[in-house]
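There are 2 protein chains.
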Amino acid sequence: MSETQVLVVAGTHGNEINAPWLFNQWHAHPSLINTYGIRTAAVIGNPEALKAGLRYLDCDLNRSFRSDLLAFDQSKAKEVNRAKELLSIYGSSGSNACQISIDLHSTTATMGTSLVIYGRRSTDLALAALVQSRLGLPVYLHEGDKEQKGFLVESWPCGFVIEIGPVSQNVLLAKTINQTRIALEVSLEEIAKVKSGQAKFPDQLVVHRHLGSIDFPRNTNGEPSACIHPNRQGKDWEPLEKGSPLFICSDGHVVRFLGDDPLVPVFINEASYLEKNIGMSLTRREAWPISRSCQEDLIDLVV
Amino acid sequence: MSETQVLVVAGTHGNEINAPWLFNQWHAHPSLINTYGIRTAAVIGNPEALKAGLRYLDCDLNRSFRSDLLAFDQSKAKEVNRAKELLSIYGSSGSNACQISIDLHSTTATMGTSLVIYGRRSTDLALAALVQSRLGLPVYLHEGDKEQKGFLVESWPCGFVIEIGPVSQNVLLAKTINQTRIALEVSLEEIAKVKSGQAKFPDQLVVHRHLGSIDFPRNTNGEPSACIHPNRQGKDWEPLEKGSPLFICSDGHVVRFLGDDPLVPVFINEASYLEKNIGMSLTRREAWPISRSCQEDLIDLVV
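So the sequence lines, in the order shown, correspond to chains A and B.
Mapping to the working numbering: the first sequence position 226 is 365, numbers consecutive.
Mapping to the working numbering: the second sequence position 224 is 363, numbers consecutive.
Worth flagging that the hints you see were computed from the coordinates, not collected in a lab.
Possibly wrong hints are sitting among the right ones.
Since the list gives no way to pick one copy over another, a pair counts as held whenever it fits inside one copy or between any two copies.
Claimed, not checked - DSBU-like mimics (lysine-lysine), calculated; alpha carbons at most 35 Å apart, straight line: (1) 314 <-> 332; (2) 215 <-> 381; (3) 215 <-> 314; (4) 415 <-> 339; (5) 314 <-> 339; (6) 334 <-> 415; (7) 334 <-> 381; (8) 339 <-> 217; (9) 334 <-> 288; (10) 223 <-> 381; (11) 374 <-> 223; (12) 381 <-> 332; (13) 381 <-> 217.
All values reported here derive from a predicted model rather than from experimental measurement.
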């Protein structure tokens with residue numbers, strides 16, 4: 140097997156312009172990001188959408204890595220063809236194979252610096268735990284959502300999304316760029332430590348496990364009839380209590396959280412989720428042990 | 140002359156969704172906005188762009204009210220045809236004539252609640268002074284920019300833009316909606332007072348007079364090679380001092396303001412101005428007297 144290589148993707152969504160800008164600068168100044176000796180392939184996910192300043196042209200690239208879509212030779216959707224192309228080059232059996240993928244995103248939601256992992260793969264849990272132990276960042280575990288699948292990083296043996304916000308679509312922000320750079324650098328450093336046998340795995344990973352999403356209240360035309368309540372706007376990762384305000388209507392009516400469980404909302408008011416009928420997603424905060432076999436799966440992949 | 144009517148436009152840019160949402164709610168709940176007895180025509184400026192979540196489809200509607208563009212019967216650009224349509228219906232000689240226009244915008248820049256007026260029309264100065272005396276808001280006077288012309292409100296005998304931010308494109312924000320509602324309501328209240336002879340004109344209007352715009356530093360490919368300095372991001376309306384940081388490059392190099400004059404930047408990091416080569420605009424803060432003849436011009440128009 141060839142030496143470990145990490146695929147680093149920016150601009151999977153073309154209106155998230157901070158990571159692509161960082162890549163431009165990284166190309167011009169190679170010392171900008173310390174890769175700790177790890178080989179990387181830095182790729183713009185959706186260059187055409189980036190040029191247009193749009194999330195996507197035909198369909199969301201980060202929902203296009205679905206086996207049913209990838210089964211055909213050629214798709215009508217540009218993004219499905221791009222997914223096939225990325226896999227043929229950088230997939231774990233590709234011409235320039237990568238074993239791990241890191242996909243750099245930004246959001247209008249107040250997610251801070253966070254990681255998103257998909258399902259419960261041992262390699263993802265182990266790597267996320269290493270990064271969390273360094274940066275103390277929250278991890279969103281997305282799983283079991285029939286409406287939302289085909290994420291890029293799922294097509295590699297290990298990988299996660301680095302999700303940073305709030306930042307407006309198509310706005311360059313020094314803070315966002317710096318957060319992205321630091322999170323990427325620490326991720327590569329931890330992979331390097333796994334490779335050199337120096338990784339110190341923590342006992343546990345704190346995850347925010349996806350339970351479902353709730354939509355904005357809508358009128359009979361399907362238009363949102365309320366917006367996020369000002370007391371909840373910007374409060375991603377802060378647990379809901381029974382009676383917490385969620386949405387407010389223009390007549391002052393407040394829609395409240397009625398559960399007994401202290402669920403934790405994420406992706407509150409992400410601009411592009413309005414079309415996906417997601418006002419916010421709800422998670423449960425859980426501490427998961429990182430078993431020895433989890434660690435070994437990551438070590439086997441990297442070494 | 141028929142009774143005064145005010146044209147109120149939302150969604151002139153289709154990715155500024157808060158004012159259009161307010162219009163939806165206003166339609167459903169007519170008491171939501173107190174019009175103080177003033178007749179209003181509430182119109183979505185660019186419904187097709189709003190549906191698409193884009194600033195515009197062919198060209199910027201708020202740069203399409205140019206006499207050279209409007210001189211032809213039919214244009215290839217949807218927005219130029221829409222400009223003609225709006226004028227034929229709501230223009231001061233239109234089938235449903237309006238004398239004053241108020242155009243509701245939002246921005247990713249930290250403009251707070253502000254007004255934008257174009258040129259030095261006496262009616263605009265008088266009305267802006269009345270609103271400023273009520274809300275204490277800053278006024279940006281845009282003039283003499285050869286690159287930027289053809290703004291909607293210039294085609295009515297009196298009018299201004301209400302500009303509110305920061306808010307991401309395509310994000311609904313309760314705060315932005317409320318700011319929009321209050322600024323519109325106070326504007327209509329002041330017009331009603333002019334009509335009833337009860338307006339109390341202040342002695343002066345504080346304007347921020349447009350001097351020019353500065354672009355992001357760019358590389359040889361035309362891509363931005365620096366972003367707004369974190370100490371300047373979000374600091375619209377705060378005067379620059381000699382040596383104030385403006386932009387920061389990825390290698391840490393800082394581009395500084397070198398003027399002696401305490402110019403005041405506005406529209407810092409507005410997402411859609413990246414394509415217009417505007418990183419921020421520079422203004423000079425000036426106090427202009429509101430003469431009796433200014434006041435009379437507005438009174439003559441409204442009464």
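Inset, instruction - State whether the alpha carbon distance between residue 223 and residue 381 is at most 35 Å within one copy, between copies, both, or neither. - result: Classified as neither; 45 Å inside a copy, 53 Å across copies.
Legend entry - Status of residue 332 relative to residue 314 across identical chains (alpha carbons, at most 35 Å): within (27 Å within a copy, 46 Å between copies)
Inset, instruction - Check residue 381 against residue 332 for me: Cα-Cα at most 35 Å, and say if that holds within a copy, between copies, both or neither. - result: This pair counts as neither: shortest intra-copy Cα distance 43 Å, inter-copy 47 Å.
Inset, instruction - Using 35 Å as the alpha carbon limit, work out where residue 339 and residue 217 are close: within a copy, between copies, both or neither. - result: Cα proximity of residue 339 and residue 217: none, with 42 Å in one copy and 60 Å across.
Inset, instruction - Could you figure out if residue 215 and residue 314 sit no more than 35 Å apart (CA to CA) within one copy, between two copies, both or neither? - result: neither (38 Å within a copy, 41 Å between copies)
Inset, instruction - Could you place residue 334 and residue 415 in one of the four classes (within, between, both, neither) given a Cα distance threshold of 35 Å? - result: neither (39 Å within a copy, 47 Å between copies)
Inset, instruction - Please work out whether the CA atoms of residue 381 and residue 217 approach to 35 Å or closer within one copy, between two copies, in both situations, or in neither? - result: neither (45 Å within a copy, 49 Å between copies)
Legend entry - Status of residue 223 relative to residue 374 across identical chains (alpha carbons, at most 35 Å): neither (37 Å within a copy, 44 Å between copies)
Inset, instruction - Have a look at residue 314 and residue 339 and pick one of within, between, both or neither, based on CA distance no larger than 35 Å. - result: Within one copy only: 29 Å inside a chain, 45 Å across chains, cut-off 35 Å.
Legend entry - Intra- versus inter-subunit Cα pairing at 35 Å for residue 334 with residue 381: Close neither inside one copy (46 Å) nor across copies (50 Å); limit 35 Å.
Legend entry - Identical-chain pair category, residue 215 with residue 381, by Cα at 35 Å: neither (47 Å within a copy, 55 Å between copies)
Inset, instruction - Check residue 415 against residue 339 for me: Cα-Cα at most 35 Å, and say if that holds within a copy, between copies, both or neither. - result: neither (39 Å within a copy, 49 Å between copies)
In terms of the numbered hints stated before, the structure departs from hints 2, 3, 4, 6, 7, 8, 10, 11, 12 and 13, listed from lowest to highest.
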